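Novice: Generate coordinates for the entire structure from the input sequences, incorporating the hints supplied.
The working numbering puts the sequence shown at residues 284 to 408.
Keep in mind the hints are simulated off the structure, nothing from the lab. Careful: at least some of the hints might be erroneous.
What the hints assert, rightly or not - Below, computed lysine-lysine pairings styled on DSS-like, alpha-carbon distance capped at 27 Å: (1) 289 with 327; (2) 358 with 289; (3) 287 with 327; (4) 327 with 358; (5) 287 with 341.
No experiment lies behind these values; they were computed from the predicted model shown.
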Amino acid sequence: MTEKNKIIVEATPYFIEAQSFPNDGRYVFAYTITITNAGDVPVKLMTRHWLITDSNGKIQEVRGDGVIGEQPYLKPGESFRYTSGAMIETPVGTMQGNYTLRTDDGDCFNTPIPQFTLSIPRTLH
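Specialist: Structure representation (structure tokens):
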């Protein structure tokens, strides 16, 4: 990846207690993602690929176009923020993945979504 295609991805997860049912193995989390184009050229977010893993090792793989029904176009220095959610069967899990982006001249590249932890409050120290 060259500096022209430098993308910064930040994630903030949080537990949604009102939608979770621990006795049924249903733990719902929301996460806010901020994608910043720190590169030199405009990019369009084309696709997403997520690996969502619970503490039993069960992996959910999610692929799709864009994010939350959008394919944001980011000029250099611009950011896009969105909130989405995930459900797992255990009180702790992780998410990681990548986005595929395209430059105006048609070059496509992947940028990683660094792993982050899904955890109910007071589970991890």
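Novice: Now tell me if each hint is right for this structure.
Specialist: Taking the hints in turn, this is what the structure says about them:
no., hint, result
1, 289 with 327, "holds (13 Å)"
2, 358 with 289, "holds (12 Å)"
3, 287 with 327, "holds (13 Å)"
4, 327 with 358, "holds (9 Å)"
5, 287 with 341, "violated (37 Å)"
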